[in-house]
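Number of protein chains: 2
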Amino acid sequence: MPILVHKYGGTSMGSVERILSNARRIERDRDSNYQVAVVVSAMAGETNRLIDLADQIDPRGSARERDMLASAGEQVSIALMAMALHSIGIDAVSFTATQAGIRTDRFHQRAKILSIDSERLHDVLDSGGVPVVAGFQGITDTMEVTTLGRGASDTTAAAIAASLEAERCDIYTDVDGVYAADPRIVPGAKRLERVSYDEMLELAGAGSKVLQTRSVLFAKKYHVPLQVLSSFEDKPGTLISEEAPVMEDVVVTGIASDRSESRVTLRGIPDQPGIAADIFEALAAEGISVDMIIQSRGHDNLANISYTVGKTDLSDAVNVTEGLVKTLKAREMGVDEKIAKVSVVGVGMKSSGGVAARVFRTLADNGINIHMISTSEIRISTVIDEDHTEPAVRALAKEFDLIEEAAEETVAAS
Amino acid sequence: MPILVHKYGGTSMGSVERILSNARRIERDRDSNYQVAVVVSAMAGETNRLIDLADQIDPRGSARERDMLASAGEQVSIALMAMALHSIGIDAVSFTATQAGIRTDRFHQRAKILSIDSERLHDVLDSGGVPVVAGFQGITDTMEVTTLGRGASDTTAAAIAASLEAERCDIYTDVDGVYAADPRIVPGAKRLERVSYDEMLELAGAGSKVLQTRSVLFAKKYHVPLQVLSSFEDKPGTLISEEAPVMEDVVVTGIASDRSESRVTLRGIPDQPGIAADIFEALAAEGISVDMIIQSRGHDNLANISYTVGKTDLSDAVNVTEGLVKTLKAREMGVDEKIAKVSVVGVGMKSSGGVAARVFRTLADNGINIHMISTSEIRISTVIDEDHTEPAVRALAKEFDLIEEAAEETVAAS
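As given, the protein sequences belong to chains P and G, one line each in that order. When you line the first sequence up against the working numbering, it's residues 1 to 414, in that order. When you line the second sequence up against the working numbering, it's residues 415 to 828, in that order.
Don't read these hints as lab results, they were simulated from the structure. Please note that a few of the clues may not be correct.
Here chain G is said to cover these stretches of chain P; the calculated rule only asks that three of the stretch's residues, wherever they fall, bring their Cβ under 8 Å from a Cβ of chain G [as the list claims (entries may be wrong)]:
hint: 1; region: 178-186
hint: 2; region: 190-197
hint: 3; region: 276-285
hint: 4; region: 314-326
Have a look at the derived ranges for each label pair, beta carbon to beta carbon [unchecked claim]:
hint: 5; chain 1: G; residue 1: K623; chain 2: P; residue 2: G310; range: 52 to 58 Å
hint: 6; chain 1: P; residue 1: D174; chain 2: G; residue 2: P650; range: 31 to 37 Å
hint: 7; chain 1: G; residue 1: R442; chain 2: P; residue 2: E17; range: 44 to 50 Å
hint: 8; chain 1: G; residue 1: Q686; chain 2: P; residue 2: E17; range: 35 to 41 Å
This one's a predicted model, so the numbers in the text were calculated from it and none came from an experiment. From the three backbone atoms N, C-alpha and C, an ideal C-beta is built for every residue, glycine too.
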């Protein structure tokens, strides 16, 4: 029988009623002749409650002990989920990461999965049961408890699906799929039936929060189709899978915006080889990840370098960069926190020219100035003033036909 | 350096402030040149919260999943306790039962400890750190999570103390020691400085709730002195250890009362060999534990048999016994739920005659009728009407000099 993995996030595990409703959904898929394995997150609010206790005791907190603490949340969830299945007559067995053999490296709070020992999970499936696996957590070769980072239960689910060679991994959450644009910004934004792994990766990297980049990478590497769907309604969601021929008809699949970055600029640097290397080596040495980088030369023949960096890393980045002003004989350093990155993503761009020009024209027509541009084969990102985020997303959604027609009329009429 | 084990119960782990206060107490014992290992319970209320969730989902609940669920509470506690020690500069490492190698048999919710792999605990102690071990939980040889039964963190602590060959196991709780009688019944009851293992076992079996019988058995078997003391005040508690010569000066060490049992009586049974065997084999076959048993013969030459049984087992016991009324040709069966067992305990009884007579006389002088009597070498238990519990305990405490003199005067004056 084909295997499905169901993954239930914190909101979907948020109450006894939700957990029992998940059990009935699992039963339905089993009635349709699937074997089902389940991965669960901690109940909504639980991880925050535990972290809050830790912060009260020791805000610096050892990463090892924080992992020990936080992983208790998923242990509660697997037991309750297994009990809910028992209550409707389905055999189920809960598995901590230790028991499921989810081996990781030794980096606490951001561990990477090295291997999964799926033998015991297969035993349960083969005897007609449902294995219920704790997301988010792992175990090292010396039995230390690790966690994979916030929100990484999706990654566990993709990894379990890969190791079980599942037909699909269904990620149940509180939204009913991936939208072409954030519906809070663009009312009536189209819900996507299908997205390719690469598009989803670009959308996640560009600020869409529906799925973690890591889980999509995992799914892509092992060719596991992911489906994002709501545990609150009974309808299909968005399928994330290999690129399908039909996708090329659409030029732009989705638009993402991201206000979590700031821009740092060094202006008036005497141009010489290796300026960029000096700056980005210094930042990398401090463990600071940079997103977009632009180097340009002014008419005075002096170079300007701008980069964007997550706001959480900004003060560290500014310290490093300030130290370089003298070394590089730069005229000045500037910081702009009020920026947003707006990105347009679509595999259709590969075969369809002129998308960049349409993006820039649309923004210009709406009086929106572009500070930085970066592109990949299937993505065009622009950095603009933060205030312009919503008008930009709306204008681009309209330009690339990402709004349901009925909704568009409603907007026009209102 | 000698090793101390500190055990903190749920109330002592009940808040961030309490946890930090425990850390400072551990620091003080380390400053007095002890190595300290710690065993903790779940935060007060946590286990009940988890069990309540389980009951909402599946009141019958699989024992395996209930153990998985409940053991999460101790995992939270070990991490927070380790963090609290870190916050005052003490190296500490938390250990789940899996990591500490607390191997148990496979009986979920009432597992027995088979062995402890104390090597990793010793490693932490030898490097100057504090191992913090989860109480209550264990692990089977197939990596199944077990629990030892409610309140069994004391047993974990005694077992860890035994395996580390600790000098003493300090059980920190919300009372400041073991009292000669329940202070809520006998104001001014004496706090005991010392009690022997055997006396503590008799007191626990007779209804004193300060320590679990199992933990005392463990401590006795491995010659680990236990100390019961308060985590809310800084003063010595009650030491439970081998019998000391000085103890014999005192005839009665303590009085315990227990209202958790009921009495079942079969009356008018034609006397023949094997009546008692028939009854108690039938009860044992249903897993029902009986406490006191009395067989007597009336002047009509018919036998009467009474036994006491925990109220939780009463309805099962009644079913079994009703089935025997016909077989044994008994005249009738009676049940009395309104009884109490009042017990007087003391190693001094071994060398001092007449204690039983003083007990019976004291009760008689107070107009209290005795239904059943059972004795051990160091205990005399009587079953009386439940309404008489408090007068009986008070009268016996006075008779055997178990009230502080100052308090006695106050009571007399009020």
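To see whether the hints hold, each was checked on the structure:
For the region 178-186 of chain P, the assignment as covered by chain G is violated, since 0 residues bring a beta-carbon within under 8 Å of that chain's beta-carbons and 3 are needed. Taking a C-beta to C-beta cut-off of 8 Å, the region 190-197 of chain P contributes 0 residues in contact with chain G, too few for the three needed, and the coverage statement is violated. With a threshold of 8 Å between beta carbons, the proposed coverage of the region 276-285 of chain P by chain G is violated, since 0 of its residues qualify and at least three are required. Counting residues of the region 314-326 of chain P whose CB lies closer than 8 Å to any CB of chain G gives 0, so the stated coverage by that chain is violated, three being the minimum.
K623(G) and G310(P) have their C-beta atoms about 54 Å apart, which keeps the hinted 52 to 58 Å range intact. Separated by about 55 Å at the C-beta atoms, D174(P) and P650(G) break the suggested range of 31 to 37 Å. Remark: the range hint 44 to 50 Å for R442(G) to E17(P) is upheld by a beta-carbon distance near 48 Å. For the pair Q686(G) and E17(P), the supplied restraint of 35 to 41 Å is violated, since their beta-carbon distance comes to about 59 Å.
When the structure is compared with the earlier hints, violations turn up for hints 1, 2, 3, 4, 6 and 8 and for no others.
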